[in-house]
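Q: Sequence:
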Amino acid sequence: MARKLVSVLGRLLLPLALLVAPACTEGAAPPRGPLPTPSVAVSRPTPLLLQVPAGTWGEESQIRLDVDATGTGIEGNCWGGKITQSLTLSPTGHFDVPGSFEEGSGAPPPTWYVPQIYTARYQGWTDGQTLTLTITLPPNYPDPPSPFHLIVIGPFTLTRILDPLRFLGPGCA
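Start counting the sequence shown at 1; every next residue gets the next number (my numbering).
Simulated from the structure, these hints should not be mistaken for lab results. None of these values were measured; they are calculated from a predicted model. Here a beta-carbon is modelled for each residue, glycine too, at the ideal position from N, C-alpha and C. Honestly, I wouldn't trust all of these hints.
[Claimed, not checked] So the derived label-pair ranges between C-beta atoms look like this:
| no. | residue 1 | residue 2 | range |
| --- | --- | --- | --- |
| 1 | 78 | 48 | 24 to 32 Å |
| 2 | 54 | 109 | 43 to 51 Å |
| 3 | 103 | 129 | 28 to 36 Å |
| 4 | 127 | 68 | 17 to 25 Å |
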């Protein structure tokens with residue numbers, strides 16, 4: 001049945017198509033030479049980073065990060081911190097990990113000194129070349145505890161340091 005319907009429609013529409021076709025091309029110049037090929041810009045996708053690339057990251061005498069697969073050491077002006085896990089990234093390049101924060105004085109501490117270590121949140125973003133970092137300290141920093149607010153340090157914008165031996169990082173003034 002369907003085959004018969006197609007055959008009948010084909011017999012009716014073919015003469016109509018032959019009548020209309022010359023009207024569609026009337027007055028149009030025939031194409032000369034090969035038809036142009038549309039240009040398509042090919043972009044290479046940025047590889048998806050799974051974690052912050054290992055190495056040294058720094059900002060002009062403010063902060064230094066030494067990142068490896070198992071953790072990160074952070075050094076700032078008269079303070080330091082540690083993250084004891086890899087900086088795993090979301091699909092958009094963001095990270096949010098717990099760590100520790102320790103205030104310092106810049107001078108070597110006496111042997112009897114036990115530093116006060118606080119919990120901290122390290123949050124940021126990277127594209128593999130630039131990294132932003134914000135550190136959030138809980139209400140118990142500094143002593144006495146303050147139940148009213150969190151302390152936020154940053155944001156810092158860091159870049160990868162190709163020669164970490166020449167980048168001394170921050171120091172206490």
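Q: Each hint should be assessed against the structure and marked as holding or not.
A: Comparing the hints with the structure gives:
no.	hint	verdict
1	78 with 48: 24 to 32 Å	37 Å, violated
2	54 with 109: 43 to 51 Å	29 Å, violated
3	103 with 129: 28 to 36 Å	31 Å, holds
4	127 with 68: 17 to 25 Å	20 Å, holds
The structure shown violates the earlier hints numbered 1, 2.
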